[in-house]
Structure formats: structure tokens, C-alpha cells
Amino acid sequence: MSANGRRDELTSLERVGLALQYKKPDRVPAAPLVCGASCRVLGISYDRWSQDPKAATASLLAAQSLIGFDGFLTLVDLSVEAEDFGQEVIFPEWSTAYPNFDNPCIATAEDYGKVARIDPRKTRRSSAVIEIVRGLAEARGKDVAVMGFVYGPLGVLSQIRGHAELFKDLIRHPDRVLEAVDTITGSLVEYAIAQVEAGAHAIVLDPLYSSSTILRKQTWERFEGVFMRPIADAVRAAGVPVVVHNCGNGVYFDAVIEHIKPIAISHAYPAHGSPDLKHHAEAWGKKVVTIGVIDPAKAGHEWSQDELLEECRQQIETFRIADGGFILSSGCEFPPNGNLQSAATMVKAAQLHGWY
Amino acid sequence: MPETPEDLHEALATAVLELDEVLTADLCNKAVALGYDAWTTIEQGLIAGMNRAGKLFDEEEYFVPELLIASDAMYAGLGILRPHISQANTIHGRRVVIGVVQGDTHDIGKNLVRIMLEVAGFEVFDLGRDVPAQAFVDRAVEVNADVIALSTLMTTTMTQMSKVVSILEEGNIRHRFKVIVGGAPLSQQFSDRIGADGYAPKAAQAVQLAKQLTGLVNAAA
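Each protein sequence line maps, in turn, to chains C and X.
Quick note: the first sequence uses the working numbering, first residue 128, plus one each step.
Quick note: the second sequence uses the working numbering, first residue 3, plus one each step.
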């Protein structure tokens with residue numbers, strides 16, 4: 128039963144599936160990107176959640192049961208692929224894993240040649256994510272959308288080299304960077320396909336640096352956009368749609384759509400060139416399905432439940448213009464240490480205000 | 003090679019703007035060899051060049067890679083000129099301890115703030131990334147800092163900022179330091195809640211905030 132007494136008429140999977148096709152479901156789907164936060168539902172430490180696929184799967188299932196969100200996202204952290212390429216990663220007990228940049232795998236520009244193809248079905252962390260996808264799909268895949276996750280090749284490389292050093296290398300050593308990105312891309316194609324084979328209904332690709340606060344559009348296109356294309360094509364050839372996630376500010380929607388051709392974009396800020404969300408909705412709402420755009424930090428840490436409910440209502444109204452192509456979500460992963468009640472409130476908002 | 007100090011300053015600013023670290027170092031060495039005033043050379047050469055790069059960044063002509071390389075050039079020049087700054091030309095003397103909080107390694111934003119603080123004359127003690135809360139406090143006490151500047155890009159590590167404030171309060175030294183916070187997931191609301199003295203959404207605003215909090219400009223300016 129929904130918050131306002133109306134009963135959901137569709138399963139979560141049906142609801143998300145229709146929204147992704149610009150077909151109005153019973154109501155706006157709600158997918159607040161509860162990933163790492165799920166570890167607290169079963170009282171599992173974050174480091175265990177990050178490395179034990181059975182524990183992560185159980186946590187995500189318990190979180191979905193508790194909160195009622197319409198889609199799983201298998202984003203564990205942005206260091207999954209990096210570790211498999213050889214980067215040392217630190218696993219805090221109660222926070223997100225991150226690379227140890229005091230010991231970068233690529234310490235100098237000469238080290239780019241060390242990047243070698245991996246088999247994500249066998250490497251420690253990627254294979255764990257594949258198992259999470261499989262576990263979720265087997266347990267709830269008939270009813271709830273399961274979205275796999277692949278960090279873009281330039282993003283992966285930044286987790287191996289260090290962000291600042293990589294950005295400087297784009298100018299100083301472009302050919303070495305391109306060679307490494309190409310190598311990583313081949314492995315990411317396999318990683319994406321493996322998640323599809325494990326049961327993912329869609330694959331979310333994250334081209335984080337396709338953002339005007341970081342790179343020039345042409346720079347992103349040269350160093351990642353063209354490499355994203357074969358990954359996206361492989362996902363589609365494997366039979367599932369491609370979704371993009373980018374929580375950066377000023378995302379180049381035009382370039383992302385040109386190179387990746389996603390059916391939906393999950394984002395946190397208006398697209399590059401849009402001054403506000405209303406303008407964004409008018410410019411892009413009918414061109415690509417919107418997943419977002421609730422501020423995750425405010426949702427998880429700042430707003431009262433009433434404030435969050437009102438913010439969700441306003442966004443649902445703003446994106447009515449999309450004719451069904453809208454999924455209410457946080458603009459980035461729901462804060463792993465945020466108030467889980469807020470994730471439930473986002474679902475409640477869709478049930479209260481999101482009926483078509 | 004430039005003939006006058008003014009020519010050299012202009013060439014230096016252009017070298018920084020054009021991301022030429024080698025030429026920047028060469029020109030700084032020449033300034034030292036010719037006995038040009040080091041502080042003036044920093045101000046009218048290196049800092050002017052960095053300011054021009056920052057303006058292009060604001061105008062989306064430059065992006066993060068260009069800004070990072072321009073700052074490398076500036077620091078190459080600073081390393082040469084710093085030992086030659088006369089005591090009479092010392093800056094206003096305000097000190098900032100800055101770093102990315104524990105659990106986070108995203109330091110580009112912090113580095114941009116550090117550069118802009120240095121350009122604005124602050125003496126900056128950069129603790130780097132993944133810095134434990136206690137280390138901020140220890141270093142601030144050690145160098146008698148005016149400001150502790152905390153950065154994070156991740157929601158999971160925001161709580162580390164409140165830990166810094168708590169340690170200061172527990173040590174009864176909260177009043178000695180202004181604490182400012184910045185990073186994509188933060189807000190003024192968050193800053194208020196943890197008891198920080200200020201929040202800056204952008205690097206330039208962090209500098210303005212530090213100036214206000216240390217009495218270099220008044221808040222209404």
C-alpha cells in the first residue's frame with residue numbers, strides 16, 4: 128500500500144522499465160541509490176560489505192525490503208577496477224574504500240605501460256561485483272531492477288595514477304594515457320558483459336570527467352568519450368540498455384549522448400549550459416530519461432523529512448515535462464553514513480506525489 | 003630575454019599562463035641574477051600569471067589540467083625566488099593549515115584553494131590528503147595558525163570535519179582558530195551544524211572567507 132492509500136499497480140522492474148522507455152508507469156519510480164548505506168541495515172562493517180559479495184548482496188536485499196526502492200545499483204566504490212589493475216586500496220572499517228596514492232601503481236609517466244588487460248571474471252573485486260549482480264538478480268530480479276555499474280576507463284586510470292597527475296599527463300603525455308585507457312577499455316567491455324550475463328537489467332557507465340568543472344569537452348571526448356562507445360555498444364549487443372551516471376557539475380549532455388547513447392542519465396546538477404533544473408528539464412527532459420536529482424548530502428545529512436519530501440515533490444513536478452521519463456533518485460550514491468529514513472522518504476514522496 | 007624588470011615580469015606572467023615551467027624557472031633565475039626584487043617578481047610575474055590562468059578557468063577557456071600545470075610553473079618559480087624575499091617584504095603573516103580529511107584522497111580542489119591562498123599572501127601549511135583530524139589540530143597549534151581549512155569531496159568523510167571541531171573544543175582551544183570547510187557535498191547548513199566558522203563553495207570564495215575571518219577585509223566588503 129502506498130503512502131497516500133493508493134496501491135502500486137506495477138512491480139518495481141515494470142515501473143523502471145516503462146520509465147526508461149518514456150512510457151508512464153503507475154507512478155514515478157524511486158531509486159535513491161542506496162549502495163554502501165545498506166551495510167548498516169544488517170550491521171555489517173563497510174570494509175566487509177565492500178569485499179564480501181554475499182554480505183553485500185544480503186545487505187542490499189535487506190535495504191530494498193526495508194526501504195522499498197525500485198532499483199538496485201551495484202556501485203561498491205570507484206576503486207573496484209583500480210585494485211584489479213594493481214592499485215593498492217585502503218578499506219576503512221566504516222567508510223568507502225579508496226586508493227593509497229602514497230603508493231600509486233603508476234608512479235611516473237613511464238609506468239603507464241604497466242597497465243595490462245585483466246579478466247574481470249577472475250580478479251578479486253570485479254568478480255565480487257559480478258557475484259553481487261548475480262545474487263540480486265537471482266533473489267529479486269523478477270521484480271526489482273538490477274543495474275550493474277562500470278566506472279569509465281579514464282576514471283579507472285585516475286584511481287591508479289592519482290587524479291591530479293593524470294590530468295597533467297593529459298597535456299604532457301597524451302599518447303601514454305591513451306594507450307593505457309585503450310587497454311583498460313578492453314577489460315571494461317568484458318566486465319560490463321559479465322554483469323549482463325550475471326543478470327543485470329541495465330549497465331550504468333560512469334564518465335565522471337565529462338564535466339565542465341574538470342575537462343574541456345573535446346579533451347573528455349578524446350581521452351574517454353571515444354573509448355566509452357565500444358563499452359556501450361557491447362552492453363547493447365548483450366541485450367540490455369545503457370544508462371549513464373555522472374555526479375559532476377556541468378555534464379556535457381550532448382557529448383555524452385553522442386558517444387554513449389544512453390537511454391537515461393543519472394546526474395546531480397543541471398547539464399552544462401543549463402542555469403537551473405527547470406531549464407535543464409525543458410532542454411533535456413524529453414531527449415534522455417532523467418534519473419535524479421536530489422542532493423544526496425542534503426537528503427542524507429541536512430534536510431528534515433518534511434523538507435526532503437517537499438524537495439522531491441518539486442522535482443517530480445519539474446520533470447512532469449518528461450512525459451514519464453523520470454526516475455526520482457539522489458544525484459549520487461545515497462550517503463553511506465546518511466539517515467536511511469531519508470531514502471525511505473524519497474520512496475514515500477514518489478508514492479504521495481508521483482502518480483500519473 | 004627581457005630588458006627591464008617590467009618586461010621580465012610580463013614574460014614571467016606569460017610563461018605561467020602558457021604552462022611553461024622551464025621558461026618560468028629560467029626567468030626567475032634571471033631575476034635573481036639581475037638583483038630584481040624577489041617579492042615584486044612574485045607578485046607581478048608569477049601571481050599575475052596565475053591570476054590570468056584563474057580568469058581563463060572561470061571563463062571555461064582553461065580547465066583543471068591547465069590550471070594544475072600553471073600552478074606547477076608557479077611553484078617552480080616560487081622555489082627559486084622565495085629564498086630572496088627580503089624581510090621588509092613579508093606578507094600579512096596570516097597562517098592557514100589546510101588538508102583533505104581522513105578517508106578522502108581528492109585533493110585537486112584543496113590544491114586550488116592552497117594556491118589561491120598563497121597568491122593572496124597567506125602562509126599555507128598543506129597537510130595533503132587523507133589527514134587524520136588530530137593532525138590538523140596538532141599542526142595548527144604547532145605553527146600557531148589562524149585558520150584551519152578542511153576539504154572533502156565525499157559524503158562519507160564529511161563527519162571527519164566535525165571531529166576536528168570537537169577536538170578543538172575538547173582541548174579548550176576552539177577560540178584560537180577559525181575553521182572553514184569546502185567541497186562538493188557541503189553546504190552552509192552543514193558548516194553551521196558542525197560549528198565551523200564558514201563554508202566556501204568555490205576556491206576564490208574560500209580566500210575571501212579566510213580574509214574576512216582573519217580581519218584582512220570586513221565581511222561587508
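There may be inaccurate statements among the hints.
Derived DSSO-like pairs: lysine-lysine, alpha-carbon spacing no greater than 27 Å straight-line [unchecked claim]:
no.	chain 1	residue 1	chain 2	residue 2
1	C	K414	C	K344
2	C	K388	C	K413
3	X	K57	C	K344
4	C	K150	C	K344
5	C	K151	C	K388
6	X	K204	C	K344
7	C	K344	C	K151
8	X	K204	X	K57
9	C	K405	X	K165
Which residues of chain C face chain X? A few of them, derived with a C-beta cut under 10 Å, are [what the hints assert, rightly or not]:
no.	residue
10	G163
11	G170
12	I171
13	S172
14	Y173
15	F228
16	D229
17	A291
18	G377
19	K425
20	W430
21	C459
22	Y483
No wet-lab data here; the hints were simulated from the structure.
Glycine residues also receive a C-beta, built at the ideal position from the N, C-alpha and C atoms.
Verification of the supplied hints:
| no. | hint | in the structure |
| --- | --- | --- |
| 1 | C/K414 - C/K344 | holds, 20 Å |
| 2 | C/K388 - C/K413 | holds, 14 Å |
| 3 | X/K57 - C/K344 | holds, 18 Å |
| 4 | C/K150 - C/K344 | violated, 32 Å |
| 5 | C/K151 - C/K388 | holds, 21 Å |
| 6 | X/K204 - C/K344 | holds, 21 Å |
| 7 | C/K344 - C/K151 | violated, 33 Å |
| 8 | X/K204 - X/K57 | holds, 14 Å |
| 9 | C/K405 - X/K165 | violated, 38 Å |
| 10 | G163 | holds, 7 Å |
| 11 | G170 | violated, 17 Å |
| 12 | I171 | violated, 15 Å |
| 13 | S172 | violated, 13 Å |
| 14 | Y173 | holds, 8 Å |
| 15 | F228 | holds, 5 Å |
| 16 | D229 | holds, 8 Å |
| 17 | A291 | holds, 5 Å |
| 18 | G377 | holds, 9 Å |
| 19 | K425 | holds, 6 Å |
| 20 | W430 | holds, 8 Å |
| 21 | C459 | holds, 8 Å |
| 22 | Y483 | violated, 32 Å |
Going down the numbered hints, you'll see the structure goes against 4, 7, 9, 11, 12, 13, 22, while the others check out.
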